[in-house]
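Here the structure of chain U is known, so what remains is to put chains H and W in place on it, guided by the hints.
Residue numbers (our numbering), protein chains in the order written: chain U, 29 to 166; chain H, 29 to 166; chain W, 29 to 166.
Incorrect hints may appear among the rest.
For identical chains, the list gives no copy identity; a pair is met inside one copy or between any two copies.
Stated by the list, open to error - Here are the simulated DMTMM-like pairs of lysine to aspartate or glutamate, each with C-alpha atoms no more than 20 angstroms apart in a straight line:
#1 93 <-> 135
#2 154 <-> 92
#3 55 <-> 166
#4 154 <-> 135
#5 30 <-> 64
#6 34 <-> 84
Rather than coming from a laboratory, the hints here were simulated on the basis of the structure. On a predicted model such as this, the values are computed, not experimentally measured, just so you know.
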Amino acid sequence: MKCLTKEIWMNVLRRRQIISIHRDVEKLVRESGVREGIVLVNAMHITASVFINDNESGLHGDYEKWLEKLAPEKPHSQYAHNGAEDNADAHMKRQIMGREVVVAITDGELHLGPWEHIFYYEFDGKRRKRLLVKILGE
Amino acid sequence: MKCLTKEIWMNVLRRRQIISIHRDVEKLVRESGVREGIVLVNAMHITASVFINDNESGLHGDYEKWLEKLAPEKPHSQYAHNGAEDNADAHMKRQIMGREVVVAITDGELHLGPWEHIFYYEFDGKRRKRLLVKILGE
Amino acid sequence: MKCLTKEIWMNVLRRRQIISIHRDVEKLVRESGVREGIVLVNAMHITASVFINDNESGLHGDYEKWLEKLAPEKPHSQYAHNGAEDNADAHMKRQIMGREVVVAITDGELHLGPWEHIFYYEFDGKRRKRLLVKILGE
Numbered sequence: 029m030k031c032l033t034k035e036i037w038m039n040v041l042r043r044r045q046i047i048s049i050h051r052d053v054e055k056l057v058r059e060s061g062v063r064e065g066i067v068l069v070n071a072m073h074i075t076a077s078v079f080i081n082d083n084e085s086g087l088h089g090d091y092e093k094w095l096e097k098l099a100p101e102k103p104h105s106q107y108a109h110n111g112a113e114d115n116a117d118a119h120m121k122r123q124i125m126g127r128e129v130v131v132a133i134t135d136g137e138l139h140l141g142p143w144e145h146i147f148y149y150e151f152d153g154k155r156r157k158r159l160l161v162k163i164l165g166e
Numbered sequence: 029m030k031c032l033t034k035e036i037w038m039n040v041l042r043r044r045q046i047i048s049i050h051r052d053v054e055k056l057v058r059e060s061g062v063r064e065g066i067v068l069v070n071a072m073h074i075t076a077s078v079f080i081n082d083n084e085s086g087l088h089g090d091y092e093k094w095l096e097k098l099a100p101e102k103p104h105s106q107y108a109h110n111g112a113e114d115n116a117d118a119h120m121k122r123q124i125m126g127r128e129v130v131v132a133i134t135d136g137e138l139h140l141g142p143w144e145h146i147f148y149y150e151f152d153g154k155r156r157k158r159l160l161v162k163i164l165g166e
Numbered sequence: 029m030k031c032l033t034k035e036i037w038m039n040v041l042r043r044r045q046i047i048s049i050h051r052d053v054e055k056l057v058r059e060s061g062v063r064e065g066i067v068l069v070n071a072m073h074i075t076a077s078v079f080i081n082d083n084e085s086g087l088h089g090d091y092e093k094w095l096e097k098l099a100p101e102k103p104h105s106q107y108a109h110n111g112a113e114d115n116a117d118a119h120m121k122r123q124i125m126g127r128e129v130v131v132a133i134t135d136g137e138l139h140l141g142p143w144e145h146i147f148y149y150e151f152d153g154k155r156r157k158r159l160l161v162k163i164l165g166e
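So that you can see chain U by itself, here it is in the shape it has in the complex:
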């Protein structure tokens, strides 16, 4: 079994931000030398998601509004979690968008549909954040 483990750090400038990590994952899959296997990509923070969807800015703005409707940030006082914290909404948004993705590796490449694109979505940023890429196979 071959294995590659890599934490990727990012400087997340805004509170909420979608960051493409597709090329990074693609590159690591090639580096790993795995021909048949899987790659697990997950946020290492509980206020963030890794998800696969369209690389289209209009949709990303739609997600922003939609998640704010389903789990509004304000008023902060509506959540018991907020006291020292103000990020309860971020813990909810991340559950809708998901913590991780698992993607197949076939013939040494990510095995994805034509529009599938891998993103990190931070809901409580303005600081350095990281994600984990774990590749396993042969």
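Then chains H and W, alone, in the frame of chain U:
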């Protein structure tokens, strides 16, 4: 390590449709010869989900109404993504229901609870669509 | 390849209940002897979730209220699934929180961020329930 990779094409007649893929996955697990491992089943489209829940038509109708309430299709103009497209809602519904499932294989069979049933859920159909089954183990 | 398979039974006292399973998973990873691999942890019931988030009781209460807002239990009559059953809402809540998590194992330990904590979330309890831990690697 043993490995089986299979794309399954389906003709999805309706815009939104739940399709059982349980028997297909079960059959592929047996074909693979894997006794201990995992199977990854994922949609290859960003407007669709693979999920595990009850094989009960009442519940499937409830999902339909519920998802339409959380992420309404219309008016199409409410979403920035919709211009050439009219499927922004489909990209949201898929995030709630999830892109993929990972299921354990034990003693050569899917290791599931008694009511767990694997489905493909399309939110922007009326054309041919596909999913991926990737089996890994020994 | 090393492999460990374990079903864990729990006595779930309340209809809705969040139960920490973090130490159990941690212990099984050590027992497995796997140094590099993954662990799949999934509910074996279709009215329950396994998820990773904060071990903080205020947030858990917030989840409770939030899920009840997105997928209210009552009136039971609003769901076609409810007849003999009264748990349609539980099948929805579980889709938001997710069925399973896949976590990396690195150097023989769960590879998690500092606040990641693994929970089982039951939405239709008051009876014995179980989850599955499947560990694979080398």
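Do the hints match the structure? See the list:
no., hint, result
1, 93 <-> 135, "neither (39 angstroms within a copy, 41 angstroms between copies)"
2, 154 <-> 92, "within (17 angstroms within a copy, 28 angstroms between copies)"
3, 55 <-> 166, "within (17 angstroms within a copy, 24 angstroms between copies)"
4, 154 <-> 135, "neither (38 angstroms within a copy, 31 angstroms between copies)"
5, 30 <-> 64, "both (10 angstroms within a copy, 9 angstroms between copies)"
6, 34 <-> 84, "neither (27 angstroms within a copy, 28 angstroms between copies)"
Comparing the model with each numbered hint stated earlier shows that hints 1, 4, 6 do not hold.
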